[in-house]
Amino acid sequence: MFQETRIAFLYCVSPVHMGTGTAVGGLIDNPIQRERHTEYPMMAGSGIKGAIRHDYWAQDKSSKLLNRLFGPENDASEHAGALSFSDGQLAAFPVRCPKAGYVYATSPLLLARLKRQLALAKTQVDWVIPNLESGKCRIINPDLMTDSKLALEAYELEPQIDPALKQVAEWLAANALPESDDFAYFRKKLADDLVLLSDDELHYFVVNSTVVEPHVRIDDISGTADGGALFYTENLPPESILFTVIMASQERYRRGDSAENRMDATQIINTLVNDGENWQALQGRMVQFGGDASTGRGQIVCSIVGGGHE
Amino acid sequence: MSKLPSLDQKRAAYAWQQVQGQSDDYTKLAKGAPALIMSNGLMQTLAFYQDKNKPHHHALNKHIIDWLAAYFTHQENVSVPFDKMMGVLLKTDSQKYRKATEETLALLRWIRQFAAINQ
Numbered sequence: 001m002f003q004e005t006r007i008a009f010l011y012c013v014s015p016v017h018m019g020t021g022t023a024v025g026g027l028i029d030n031p032i033q034r035e036r037h038t039e040y041p042m043m044a045g046s047g048i049k050g051a052i053r054h055d056y057w058a059q060d061k062s063s064k065l066l067n068r069l070f071g072p073e074n075d076a077s078e079h080a081g082a083l084s085f086s087d088g089q090l091a092a093f094p095v096r097c098p099k100a101g102y103v104y105a106t107s108p109l110l111l112a113r114l115k116r117q118l119a120l121a122k123t124q125v126d127w128v129i130p131n132l133e134s135g136k137c138r139i140i141n142p143d144l145m146t147d148s149k150l151a152l153e154a155y156e157l158e159p160q161i162d163p164a165l166k167q168v169a170e171w172l173a174a175n176a177l178p179e180s181d182d183f184a185y186f187r188k189k190l191a192d193d194l195v196l197l198s199d200d201e202l203h204y205f206v207v208n209s210t211v212v213e214p215h216v217r218i219d220d221i222s223g224t225a226d227g228g229a230l231f232y233t234e235n236l237p238p239e240s241i242l243f244t245v246i247m248a249s250q251e252r253y254r255r256g257d258s259a260e261n262r263m264d265a266t267q268i269i270n271t272l273v274n275d276g277e278n279w280q281a282l283q284g285r286m287v288q289f290g291g292d293a294s295t296g297r298g299q300i301v302c303s304i305v306g307g308g309h310e
Numbered sequence: 001m002s003k004l005p006s007l008d009q010k011r012a013a014y015a016w017q018q019v020q021g022q023s024d025d026y027t028k029l030a031k032g033a034p035a036l037i038m039s040n041g042l043m044q045t046l047a048f049y050q051d052k053n054k055p056h057h058h059a060l061n062k063h064i065i066d067w068l069a070a071y072f073t074h075q076e077n078v079s080v081p082f083d084k085m086m087g088v089l090l091k092t093d094s095q096k097y098r099k100a101t102e103e104t105l106a107l108l109r110w111i112r113q114f115a116a117i118n119q
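Those protein sequence lines, which keep their order, are chains A and F.
FYI, full-length UniProt numbering numbers position 148 of the first sequence as 148, with every residue one higher than the one before it.
FYI, full-length UniProt numbering numbers position 56 of the second sequence as 56, with every residue one higher than the one before it.
Chain A on its own, in the form it takes in the complex (with noise of 0.2 Å):
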């Protein structure tokens, strides 16, 4: 039972490779986790517990706390972990555009769910969902349009502007990202130039659009690629936006040991999410997730939204 809930919006800041392990026949050898029925990037919550785990951990080797909140290293039969990680799940995706560079592009699913998240962690929000007909798209900003038709990558859109996009925009942009100054320009690109595309075509990009990158081997004697050693790796896009809802019980501890100074579901989420004693908080703070780190993959800064009691 879980009586603490939080979301943190995980901001991409640079490619993340959330690799599946898997690929048989696919479009590229090393593709990044997707769900099953809407084929969307999505982060296992293993991975993000790992992530976040090991992110505490580097910065307090000698913590007892670790297993308090994440449950023991090694005997995970002894007691349960008082947090739990949902798998992150897609908000906003970035998608070439000539006018602006890029657009954070979203679709009525990916916001219906985020509100049904939001609303389990205690989080009403008063933002509407605007409607779409297929082909058509909703925008805020005018100036992303060429010839009243918005161009994302290769493709030309309908655009229409939407007020009510606006406040999910102003949201997002609040809640989404940190409070620093460092992205108050990010901040004002998603509340300015945050796109509604159909369900459908939101799927094209997110297929379709993804960072794919050839690795080779080098040969040492000859200095140029060994042909045999070519792959192609696929990664989320910096920018890209997703979720992860995090819920705290109270502590669990092994049969037989006292139960005097276990934390409350309260005090763990508070331990996470603030800073303490060795750590810092998870709000605004850049974690490293998935694969390839020592080559820059994986970097995302976490910002924590709800809060309240069941």
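Any given hint might turn out to be false.
Claimed, not checked - Here are a few chain A residues that face chain F, going by a calculated C-beta distance under 7 Å:
1) L27
2) E156
3) Y204
4) F205
As the list claims (entries may be wrong) - Using 27 Å as the maximum straight-line C-alpha spacing, the simulated DSSO-like pairs for lysine-lysine come out as follows:
5) K149(A) to K96(F)
6) K91(F) to K149(A)
7) K99(F) to K99(A)
8) K3(F) to K136(A)
Derived by calculation from the structure, the hints in this document are not laboratory data.
Please read these numbers as outputs of a predicted model, since none were measured by experiment.
Every residue gets a Cβ at the ideal spot worked out from N, C-alpha and C, and that includes glycine.
On the provided structure of chain A, position chain F as indicated by the hints.
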């Protein structure tokens, strides 16, 4: 369920037929083709292959173009020259161009997989 083969089975059958006897260069080209299309777009990729003017570039181009022609005309064994397909793609609406890109990528899943078997 229909007793007819699915579209994906048709793509597979077509891909299997086309990769027979193709060179090692063709296999490598096919492996990188989805990445090229995803990064640069379908028309740019087709034009790039045409410009390269080597047998394996022309072969892959032809396999893609003929499949697209068959897919859009609902006919089998269609052969369409590069210029004609480009003419069609240049004038088509965004939705159809997107469909052509998706269909090409769906075909390439099979081509890149099957071509590797033959090496």
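Can you give the numbers of the hints that this structure goes against, from lowest to highest? 4, 8
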